[in-house]
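A.B. asks: What follows is each chain in one-letter form.
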Amino acid sequence: MADETMEEGGNPTGVVKKFMYVNRRAPYGTVYPLEGLEVVLIGAAFEQDVSMAFVDDGVYQLKKGQDTAETGMKNFSPAYRALEMYDVEKLYAEKESLEARGLTQDDLLVSVEVLSTAELTELMEQQDVILNY
Amino acid sequence: MLLHTVNKSPFEKGSLDTCLRLAKQGSTILLIEDAVYAAMQGTVIESKISEAMKRYSVYALQSDLKARGLDEDRLLNGIKVVDYGGFVDLVAEHDTVQSWF
Amino acid sequence: MALEINGKVIETDEEGYIQNLNDWSPEVAEKMAGEDGCELSDNHWEVINFLRNYYQEYQIAPAVRVLTKAIGKKLGPEKGNSKYLYELFPYGPAKQACKYAGLPKPTGCV
Numbered sequence: 001m002a003d004e005t006m007e008e009g010g011n012p013t014g015v016v017k018k019f020m021y022v023n024r025r026a027p028y029g030t031v032y033p034l035e036g037l038e039v040v041l042i043g044a045a046f047e048q049d050v051s052m053a054f055v056d057d058g059v060y061q062l063k064k065g066q067d068t069a070e071t072g073m074k075n076f077s078p079a080y081r082a083l084e085m086y087d088v089e090k091l092y093a094e095k096e097s098l099e100a101r102g103l104t105q106d107d108l109l110v111s112v113e114v115l116s117t118a119e120l121t122e123l124m125e126q127q128d129v130i131l132n133y
Numbered sequence: 001m002l003l004h005t006v007n008k009s010p011f012e013k014g015s016l017d018t019c020l021r022l023a024k025q026g027s028t029i030l031l032i033e034d035a036v037y038a039a040m041q042g043t044v045i046e047s048k049i050s051e052a053m054k055r056y057s058v059y060a061l062q063s064d065l066k067a068r069g070l071d072e073d074r075l076l077n078g079i080k081v082v083d084y085g086g087f088v089d090l091v092a093e094h095d096t097v098q099s100w101f
Numbered sequence: 001m002a003l004e005i006n007g008k009v010i011e012t013d014e015e016g017y018i019q020n021l022n023d024w025s026p027e028v029a030e031k032m033a034g035e036d037g038c039e040l041s042d043n044h045w046e047v048i049n050f051l052r053n054y055y056q057e058y059q060i061a062p063a064v065r066v067l068t069k070a071i072g073k074k075l076g077p078e079k080g081n082s083k084y085l086y087e088l089f090p091y092g093p094a095k096q097a098c099k100y101a102g103l104p105k106p107t108g109c110v
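Protein chains in written order, with our numbering: chain A, 1 to 133; chain B, 1 to 101; chain C, 1 to 110.
Since the hints were derived computationally from the structure, they do not count as laboratory data. Take these hints with a grain of salt, some might be off.
Below, in silico cross-link-like pairs of lysine to aspartate or glutamate (EDC-like), each with a Cα-Cα straight-line distance of 20 Å or less [stated by the list, open to error]:
1) A:K63 to A:E38
2) C:K73 to A:E89
3) C:K31 to C:D42
4) A:K74 to C:E57
5) C:K8 to C:D23
6) A:K95 to A:D57
7) C:K105 to A:E35
8) C:K31 to C:E46
9) B:K8 to A:D57
10) A:K18 to A:D87
11) A:K18 to B:D95
12) B:K13 to B:D64
13) B:K13 to B:E72
14) A:K18 to A:E84
15) C:K69 to A:E35
16) B:K13 to A:D57
17) A:K17 to B:D95
18) C:K74 to A:D87
19) C:K73 to A:E35
20) A:K74 to C:D23
21) C:K105 to C:D13
22) A:K74 to C:E4
23) C:K69 to A:E84
24) C:K105 to A:E38
25) C:K83 to C:D42
26) B:K24 to A:D128
27) A:K90 to A:E122
28) B:K24 to A:E122
Taking CB as the label site, the calculated pair distances span [what the hints assert, rightly or not]:
29) B:Y84 to A:D128: 21 to 29 Å
30) A:G29 to C:S41: 40 to 48 Å
31) A:G102 to C:E78: 45 to 53 Å
32) A:G102 to C:D36: 33 to 41 Å
33) C:P77 to A:G29: 41 to 49 Å
34) A:E125 to B:V81: 46 to 54 Å
35) C:L75 to B:K24: 29 to 37 Å
36) A:Q66 to B:R68: 37 to 45 Å
37) A:V129 to C:K8: 43 to 51 Å
Note that the structure is a prediction, hence the values are computed from the model and not measured. Glycine included, each C-beta is placed from N, C-alpha and C at the ideal position.
Isolated chain A (complex conformation) (with noise of 0.2 Å):
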């Protein structure tokens, strides 16, 4: 049971920082993703204020229809739905990273926020903590 104490997570001290998780790489060509979306689940139970931003080939993460099943992969494109119940609700996708792949939000299986590269800029500038995946 005193593990499942640490799973609660919860955030004893009361400060709340801007963690901000962006992702710049394509779903399964490397393990970034995957590892950079569990971290985001965990991290989650600590209470703070995360958002994720989505950036270069890292749009790719949210393409809608991904199908893994002949490549004995996991398709873990369906997590991106449940962030919102880990209270992860701030999503964005750089409008240029969009554009140069020829997606639009209706490619994406969840909906996010379209920000302009300068935009995302003065967001970054405003984080307490960035981390790259």
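Chains B and C: place on chain A using the hints.
C.D. replies: Just chains B and C now, with coordinates in the frame of chain A:
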């Protein structure tokens, strides 16, 4: 202002390009590990880096230059070289570090 | 480690979670519970089935906080609270129930 660190070769990965796209004007960028190749004169990205130095202060980590046989006199004009102590100072001067890898 | 169900051997990891999620059947849950000295009631099954559906939809085993909230939404506040869930699953609702449900250990659970 953020301190941006980049550690990938600009010839293999887009980390430096993304950093240059998203870093706020006036920010500090520290090149470490394979990213120090970006600091050399005579590369195909020389003009891009020179342009970037108008918007940012760009540093390169001395030990990583040395490790790769890169002489400081062949660095682009305006690149500042720091040792580990200088790296620590840069981190201490900034509230947040954005590590592009 | 392994479980034997109707003559079929099912691989588990060192903490008893099954390795291949497709190996699961209700008998797996019964057997695991039996080894923990626990008899599965309808209330246990309600949580186990909830977890299986959750995993089907999101491909993750929920953290206990998320599980509690989600159960509350679906089955009402008298079930969506830690006291109720810990009474059913004294080793920890996420951990023990996920194991019986044939899910991986919840992310972030040490």
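A.B. asks: Could you grab the alpha-carbon distance between C:K74 and A:D87 and see if it respects the 20 Å cut-off?
C.D. replies: holds (18 Å)
A.B. asks: Between C:L75 and B:K24, does the beta-carbon spacing fit 29 to 37 Å?
C.D. replies: Hint violated: Cβ distance 48 Å, outside 29 to 37 Å.
A.B. asks: Please verify whether C:K83 and C:D42 have alpha carbons no more than 20 Å apart.
C.D. replies: holds (17 Å)
A.B. asks: Need the status of pair C:K105, A:E35: alpha-carbon distance at most 20 Å?
C.D. replies: The given pair, whose Cα atoms are some 15 Å apart, holds under the 20 Å limit.
A.B. asks: A:K17 and B:D95: Cα distance at most 20 Å?
C.D. replies: holds (12 Å)
A.B. asks: Is the Cα-Cα distance between A:K90 and A:E122 20 Å or less?
C.D. replies: Between A:K90 and A:E122 the Cα gap is close to 15 Å, so the pair holds against 20 Å.
A.B. asks: Taken at face value, is the distance from the CA of A:D57 to the CA of B:K13 at most 20 Å?
C.D. replies: holds (12 Å)
A.B. asks: If you draw a straight line from the CA of A:K74 to the CA of C:E57, is it 20 Å or shorter?
C.D. replies: Measuring from Cα to Cα gives roughly 13 Å; hence the hint holds.
A.B. asks: Please verify whether A:K18 and A:E84 have alpha carbons no more than 20 Å apart.
C.D. replies: holds (17 Å)
A.B. asks: Does A:D87 lie within 20 Å of A:K18 when you go C-alpha to C-alpha?
C.D. replies: Holds, because 14 Å separates the two Cα atoms, which is no more than 20 Å.
A.B. asks: Given the hinted pair B:K13 and B:E72, is their alpha-carbon gap at most 20 Å?
C.D. replies: The hint is violated at about 23 Å.
A.B. asks: Would the pair C:K73 and A:E35 pass a check requiring their Cα atoms to be no farther apart than 20 Å?
C.D. replies: Roughly 29 Å between the alpha carbons, so the hint for C:K73 and A:E35 is violated.
Violated hints, in rising order: 13, 15, 19, 22, 32, 34, 35; the structure is consistent with all others.
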